[in-house]
Amino acid sequence: DVKVTQSSRYLVKRTGEKVFLECVQDMDHENMFWYRQDPGLGLRLIYFSYDVKMKEKGDIPEGYSVSREKKERFSLILESASTNQTSMYLCASNSPATSGRPKYQFGPGTRLTVL
Amino acid sequence: ELKVEQNPLFLSMQEGKNYTIYCNYSTTSDRLYWYRQDPGKSLESLFVLLSNGAVKQEGRLMASLDTKARLSTLHITAAVHDLSATYFCAVDSAYSGAGSYQLTFGKGTKLSVIP
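Chains as they are written, first to last, in the working numbering: chain A, 1 to 115; chain B, 116 to 230.
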């Protein structure tokens with residue numbers, strides 16, 4: 001009954017590496033989101049996408065980029081990883097509000113450590 | 116910019132006691148969500164509140180929404196140890212560029228129920 005999957009649960013990378021975090025959903029949702037979660041700060045929106053090849057910046061996009069080439073897949077890219085990007089990354093998806101009661105589905109999260 | 120404030124951020128309570136977590140938000144919204152998160156895990160959806168005066172209950176948890184006051188509460192009745200977790204409220208806000216919505220989270224309330 002898996003609906004949103006993320007490519008890795010745990011990831012360790014070195015400073016300066018290019019990092020890809022992958023998210024796949026099987027619910028045919030139009031919207032997909034990337035959040036990072038840090039203690040005391042809650043979840044903060046990095047980027048979101050409301051359609052294939054469309055992307056919008058969230059609250060903290062600096063140091064990140066995204067790619068959405070297919071509807072089911074939304075990738076988060078750290079162009080040059082830094083230690084302050086050590087965090088838990090959560091992917092989510094939903095359908096537009098016009099379809100009724102929107103419900104966000106979250107992935108299991110990726111715990112990224114940058115050394 | 117939508118702001119969501121939760122309080123308290125930390126809550127330690129004895130089993131059997133009652134308590135309330137508060138969630139204030141800064142702009143008009145029609146939907147408010149409550150999530151639970153266990154350590155190292157993703158978010159579990161608890162409640163979706165869709166209209167003013169909405170009240171939902173599940174077990175020892177009850178959530179309510181007052182859209183006029185821009186306030187939601189999560190009430191815990193006769194707490195048990197299994198309720199120990201971090202609880203987040205989140206509010207939908209419209210992204211006008213695409214008629215879509217995105218979630219903004221509070222910082223979370225870490226609840227510890229002590230036997």
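Fair warning: there could be bad hints in the mix.
If you want the ones that stay clear, here's a sample from chain B, every Cβ over 10 Å from chain A, calculated [claimed, not checked]:
no.	residue
1	N139
2	G155
3	S157
4	D181
5	T192
6	D197
7	T219
Simulated DEER-style distance windows between Cβ atoms [claimed, not checked]:
no.	chain 1	residue 1	chain 2	residue 2	range
8	A	N84	B	K156	43 to 49 Å
9	A	E17	B	N167	45 to 51 Å
10	A	R73	B	M128	41 to 47 Å
11	B	K156	A	S82	22 to 28 Å
12	B	R175	A	I77	31 to 37 Å
13	A	G63	B	G131	43 to 49 Å
For the record, the hints were derived by calculation from the structure and aren't laboratory data.
In this text the structure is predicted, and so the values were computed from the model without any measurement.
Backbone N, C-alpha and C fix where the C-beta goes; we use that ideal spot for every residue, glycine too.
Beyond 10 Å from chain A, beta-carbon-wise, is B/T219? violated (7 Å)
Range agreement (Cβ of B/G131 with Cβ of A/G63, hint 43 to 49 Å): holds (47 Å)
Given a hint of 45 to 51 Å, does the C-beta separation of A/E17 and B/N167 actually sit inside it? holds (49 Å)
Does the Cβ pair A/N84, B/K156 satisfy 43 to 49 Å? violated (24 Å)
Any Cβ of chain A at or closer than 10 Å to B/D181, or is the non-interface label fine? Nearest chain A Cβ is 20 Å from B/D181, so the label holds.
10 Å cut-off, C-beta based - B/G155 kept clear of every residue in chain A: violated (8 Å)
Taking the minimum C-beta separation from B/D197 to chain A, is that value above 10 Å? holds (21 Å)
With d taken as the least Cβ-Cβ distance between B/T192 and chain A, does d exceed 10 Å? Given that every Cβ of chain A is farther than 10 Å from that of B/T192, nearest at about 25 Å, it holds.
Any Cβ of chain A at or closer than 10 Å to B/S157, or is the non-interface label fine? With a cut-off of 10 Å, B/S157 comes too close to chain A, as the shortest Cβ separation is near 5 Å.
Take the C-beta atom of B/K156 and the C-beta atom of A/S82, compute their distance, and say whether it sits inside 22 to 28 Å. holds (26 Å)
Can the suggested window of 31 to 37 Å be confirmed for the beta-carbon pair B/R175 and A/I77? violated (42 Å)
Confirm or reject the statement that B/N139 sits farther than 10 Å, beta carbon to beta carbon, from all of chain A. holds (14 Å)
Checked against the numbered hints listed earlier, the structure breaks hints 2, 3, 7, 8, 12; every other hint is satisfied.
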